[in-house]
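Q: Chains as they are written, first to last, in our numbering: chain A, 1 to 598; chain B, 1 to 319.
A couple of the hints might just be wrong.
Simulated coverage check for chain B against chain A, where a stretch passes if three residues somewhere in it have a Cβ under 8 Å from a Cβ of chain A [what the hints assert, rightly or not]:
hint: 1; region: 80-93
hint: 2; region: 128-134
hint: 3; region: 200-209
hint: 4; region: 219-230
hint: 5; region: 271-281
Not everything, but these chain B residues come out facing chain A in the computed CB check (under 8 Å) [to be verified]:
hint: 6; residue: F35
hint: 7; residue: I44
hint: 8; residue: S55
hint: 9; residue: G57
hint: 10; residue: Q264
hint: 11; residue: R267
To be clear, the hints were calculated from the coordinates, so they are not data collected in a lab. Using N, Cα and C, we set each Cβ at its ideal position, and we do this for glycine too.
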Amino acid sequence: MTEDDLRGLIARVKDGNLSRRGFVKRLAAVGFTAPMATQLLAIAGAAPAAAQTLPAYRPTRRGGGGALKVLYWQASTLLNPHFASGTTNQDSSRVFYEPLAGWASDGTLVPILAAEIPSRENGGLSGDGRSVTWKMKRGVKWHDGQEFSADDVVFNWEYSRNPQVATVTSGSYRDVNVVKVDDYTVRVEFPQPTPFWADAFVGGTGQMIPRHLFKDFAGPNARDAPTNLRPVGTSAYKFVSFAPGDTLRAELNPNYHMDNRPYFDTLEVKGGGDAVSAARAVLQTGDYDYAWNMQVEDEILKRLEAANRGKINIVEGGGIEFVQLNATDPNREVDGERSHISTQHPAFRDPAVRQAMALLIDRNALEQFIYGRGGPATANFLNNPPRFRSENMRFEFSIQKANEVLDAAGWARGRDGIRAKDGVRLRFVYQTSVNAPRQRTQAVYKQAAQRAGIDLELKSVTASVFFSSDVANPDTYTKLYADMQMYTTTMPQADPERFMNQYVSWEVSSKANNWQGRNIVRWRSEEYDRIFRESQGELDPIKRAALFVRMNDLVVSSNHVIPLVRRPTVSASLNNLRHVLSAWDLTMWYLNDWYRET
Amino acid sequence: MTQYLIRRLLIAIPSLLGISVVLFTILALAPGDPFEELATNPAIPPDVRANLRASLGMDDPIHQRYLNWLFAMLRGEWGYSFVSRVNVDQLILQRLPTTIIVIGAAQLLALCVALPVGVYAATRPYSLFDKIANTLAFVGFSLPTFFTGLLLILLFSITLDWLPFVYRAQIDATGWRWWWEHIRQSIMPVLVLGLFQGAALVRFVRSAVLDVVRLDHVTTARAKGLPESTVTLKHVVRNAMIPVVTLVALQMPIVFGGAIVTEQIFRIPGIGSLLITAILANDTPVIMAVTFVFACLVILFNLIADVLYGWLDPRISYR
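The shape of chain B in the complex, shown without the other chains (with noise of 0.2 Å):
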């Protein structure tokens, strides 16, 4: 298992660093530079601007910046951002617990609605239960988030006026208060974004059921007289994971990618959102930093996926 373990982390070196390479020479190939805005300012000569380039060392050659840029990596140095001129952990670090609160909440969410609801309309296949959950499920993943997210906002605070839509990272409150006004203000984007989740996963659980549901095994529980209960959670649902598993694990990078929209729209601070700021001002070394953490993400819930494969299963060794 360790020695699996080691193999792998081993093999995802390469990618990353090949990914590395495409990502910094396409954000170097594309046009645009982040003092952008003080080239239409007539009160900023260009000699100002080709200086502010110079010193970040924007005007080297793009290998040289790459290999500054990775050996930089290596001693744990993330880069500089253009814009904010900080430290691009230190940006990064600033977002993480309000993308894995939110992130998470809403994958906690789609799990809580798709289990129960795949599993259950599985087991009564064509049964009334099970049409409805189909047609919501097709709703709901049929719908974007930045049209659900628009709905909510004008039902729940324009025309009722119940629930906030700027989303606030600090708030001045201690106690309940403090636990409530985060609540309130959390609870549209977890929405939006576990719903779609939710919807894509039922249909998955479903038929992942349907598939174990018919299997031998499952046929000789329920004729050793085991009670229905037990035949579902032991024998159909843990044999019916492993696909399931992977869709989650796979998906995982792909939720941090979808939450851009949803932050955008709830002006949530997550790191979704310090991507865009991040394109749209051409601060190259942040949009490198958090790519690159995306494809870290990638490589290490695939790594996951494989190890619970084995828990789920235990014919599936580690060679």
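Chain A with its partners taken away, still in its complex shape (with noise of 0.2 Å):
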């Protein structure tokens, strides 16, 4: 199906002509999913997309629910969203505060305080792209009975944005520019045409805090403001009591903007403890409703699962735990800097290596008896949201196969057994973080490459020093002084410009930039820069989704970026809580609609 094919459909869809039902089965006889049908729907503006995305809601009054116990092993300290730094305190934050609109966890906006979503059919968006038009819910008041206007939301540019201030989301409103139309309608303005234009006042760095009680704190003294640890917010749960490190108390908002919700009467969020013991308080014992982030073997939480209270839930996002075959050499000192730009890795340089080394790793296996569900094996590098995943890659375990490329390519094993050709041995250092799945995998993997005559140096660096910023250490994973390393990147945003840029050639991390460059492999093309730079234009989002398709593709069959498994995240509730969860957003991020099934 051309992309004219598809977009004929879609007319006819948005004229009546076609039902969606009829769309989505047409795709789906030419090989597209109903997701990803149901998607192109959403995005070309034929479809309510809010209604789809999220489960329906039941309760039919506000109230009367008990007590909804939330469990975090990591414990939040703060309750400003502009100083939050970590996910725990944004979730805090979250229950009391409200963005413009959220995303949901197939990767569209959902309106939150706002009365829609702008688009080009309603006039929200501009045709150039530089500009995005927000109307408001009316009526929408603080906890504190104050109303909820548009000097509220032009504040929190300004708050954020003051160096003053120091805020931690100060990146997402820096660059642009907001207009207050009226007192319900604001315009962020972006200097030059921006396709994602849903980061300023959207998910966890769009939380709203109230003008009249922070405009007095806006500036240096930001830190005394009360309203700091007693937050005023518009959201379903109003504050109760906050203890930094420990726990965080709510209680049901009576004049939420929303009918019928909250369902829950108070609500508490205890921090603190480790990981296993919070899954237990959940599955095992019932004791809380929900536990966040179970970085826990699925060996255990499948134990624990057989006591029938609680289940695991598995949210996809873009997480993925990956392979990079360094395309520098890590053994070469260029201006007091190993891996520089300017050299060549000997043995990755010659294609049938890596090839080789992609068809050494078993995906299946690593799926199977390390990472259990949490961690589905993947041939792509962008997995999420649907509407960006290619169909084209195909991964495959063949020791036999590598052998013959290698073989082809005039690898020939040694006495030692190990393959060198024109004076290069196929001996790599391979390194990562210290993590136990991480130490498995390199095992399997050490086991394979010695059957084809690929001897693998394994090495592992704790955590904190691997994955930290320090220019003066070696052994972080930015500087790469190894010739191959594995490790998860995570994708924030629903968009993949942010996490797409890992490979263009202005990125590449090197002394020049104090290794903070994101292009860390140092894998360089220009048709993937020129694609990337297409893209970053490209108002049309059928069009934009193709560009970072080929860009994945592009990364992934150079084969220097051996993409593993997907790392989705993994929380506990109980059976009869029924919650929505997101990848692109918060956990709390639609709070509001959580409820119990009785």
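Make one complex out of these two single chains by using the hints.
A: Below you can see the structure in the form of structure tokens.
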């Protein structure tokens, strides 16, 4: 099916000549999955986005649900979203503060304080991609009874971008301009055409704090604001008490702006402890309703689930565990810097070696024996949201094929069984952080490589050193002073622009940028750079998705990047709790719709 | 006596200063900063992080930061947490009641178990009771708290489902229910901590009492025809208490430290868990304040032990 056919079909749906179900069926016939087909409709503006992305909310009146108890093994320490470094603090702020819109699990926007999601059809998005106009709900009140208005939105922009306040959200606000159109409308203006317009005022960094309580503390005295620890927001739950590093308590907001919500009368978020006992408190004893981020071996989780009180929730996001084959030479020093961009890796510059390396890792075994439900095998680097997932990549595990590829390329086995060619031996240093599943993966890889005449020297570095930005330490992952390495990279937004910039040539990690560049594998491709630049200015969502799919295919088929398993977020909840989770927003992003089935 | 106290307090000042210099230097030289999490987030540009560091004065030279801290401390300002963005004294005060309740109860339990058992065992050495008490004491202090804690959780919370294993500082109930809930959730942590302390104390009390029992004045007291209970309580125990008091006093700060593990297991919001989270988050002002409080406690309890000696044994005088 060509792009034109697709556009024709979408136009027929819009005109009402073709039912949405008929559209999904037709696309399924040519190999598109149902979520992808509905995605296309949503993007093209032919479907009410929120209606299908959220589960139904059944309670018919506000309150009466008793207590909701949530357990975090990392405790939150503050309640101002603009100072919240780390997801725990963003989550606990989100209990009280709301953004204009949030991200649903399938990567579509859901209005929260906004009256509607801006689109080309409703005039919210300008044709040149330089501005977006948000219309806000009327009659929304802060917990203290004051009216929420456009002044509050503009204030959040001023507060966040002020260097004297020193917020962690300033990255989303400092390059945009925000104008108040009327009391319930604001316009966000961008310096250049911006296809990804939903950053400011959206999701975790978009939470609104009230102007009337913060306006006297919007400077160097920001830390003295009493509201920092006693939040007054617009959400479904009002503040009761907070002990930093321990417990957060809230109660039902009787004036909440969504009907019949919330369901629970009180809310308690307890922090601290460890992940395994948090899983026990939900799955085994049922003392708590929900436990966040279950970084626990799948075997243990399965055993706890056998008590039949609770279940494990797996939410697919963009996190991926992958291997990088260094494009540069880690053993030669140029200008006091190893892995310098002017060098080439003596073995990995041969595509045959890279192809063999990709054939030698048994991804299905990783999924089956190491990661379980927390790590489904994948052939793609960019896996989610589904509209960006490539259908073109395949993975294979075959030692025999790897041997054939290497034989054909002239890499002959030496007396010790290790292959070599022109004095270059296939002996690689393979580094990763200290973490049980990673060490097991290293062992699996080493064993298979040995049978193909490749010797892997395994190295593991403490996580606090490996992931640090310490310029003086040679073992950090951004320096990549090894032949190959493995770790997980995460995707913080539903848009892949800030995820796929990991392979553009101007982001190469080097001494010049204190190894803060995002392109750590140091792979460069003119074609990739060109497509990436094109995507930055491409306003048509369908064409843009195709560009990202092409980028994924380029980087994966180079075999410098070998995707292993996806890393979805895993949480535990009681069987009767109905929650709304999303991989692209905070755990608490739609807390107003959580309820208990009786 | 007053003079003695003043002299001791004055001597404490240079040692506290020395401790603070060592602590501050080690923390300043350690790698990592509280905004490390921001470094791996692609949505946050590196200069936002640099600005945050500068706004909290983390880029100043070490000696300047130390002097700033010291003068603030002299004015009674404990510093400002990088991570929670509140004053440190507020954080510590918030956690003090829970810590004192749990650790105080554990220490009381330890004394209530150790004193009678130790004294009774010593007055009947090598009897069956003595042997059993000794064996249990060995078992008790050989098992680390993280192990006994997990064991109790498995038994009482998961298998029997009698006691909760997540400690909640605030309980929405009044009257006897409030007391009941608090006692129920404190049983396991207090048992774990108290029995561990108590086991070591039993051995100590026993040997101290054994030393005194053989002395001449005890024989004299018995020869005078005093009842056995009077001999034990007035002539033996009081004399045997001097080494025990030293041990208990010097153990107090260690108990605060040892409670870190227990607090982590049972999620008790005490000072120990505050220290752990602060260390993991590289929150220097909080680490500084908490460790400094521990240092003060060591010095204070040393002084208390010295004062108690004089009360227990009037022959010891203060000069």
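Q: Work down the list of hints and note, for each, if the structure agrees.
A: Cross-check of the supplied hints:
Coverage of a stretch by a chain is defined here by at least three residues with a beta carbon nearer than 8 Å to that chain's beta carbons; for the region 80-93 of chain B and chain A the count is 7, and the condition holds. With a cut-off of 8 Å between beta carbons, the region 128-134 of chain B has 0 residues touching chain A; three or more are needed, and the interface restraint is violated. Against chain A, the region 200-209 of chain B contributes 0 residues with a C-beta closer than 8 Å to a partner C-beta. That does not satisfy the three-residue criterion, and the hint is violated. Check on the region 219-230 of chain B: 0 of its residues sit with their Cβ under 8 Å from a Cβ of chain A, so the three-residue criterion for coverage is violated.
Taking a C-beta to C-beta cut-off of 8 Å, the region 271-281 of chain B contributes 4 residues in contact with chain A, enough for the three needed, and the coverage statement holds. At a threshold of 8 Å, the smallest CB-CB gap from B/F35 to chain A is about 6 Å, leaving the interface hint in force. Contact between B/I44 and chain A, as hinted, is supported at the beta carbon level, the nearest pair being about 5 Å apart and thus within 8 Å. Checking B/S55 against chain A: minimum C-beta separation of about 4 Å stays under 8 Å; hint holds.
Among the interface hints, the one on B/G57 is violated; its C-beta lies about 11 Å from the nearest C-beta in chain A, farther than the 8 Å criterion. Below 8 Å, beta-carbon pairs count as interface contacts, and B/Q264 has one with chain A at about 7 Å; its hint therefore holds. Given the 8 Å rule on beta carbons, the hint for B/R267 holds: about 4 Å separates it from the nearest Cβ of chain A.
In this structure, the hints that do not hold are numbers 2, 3, 4, 9, in rising order.
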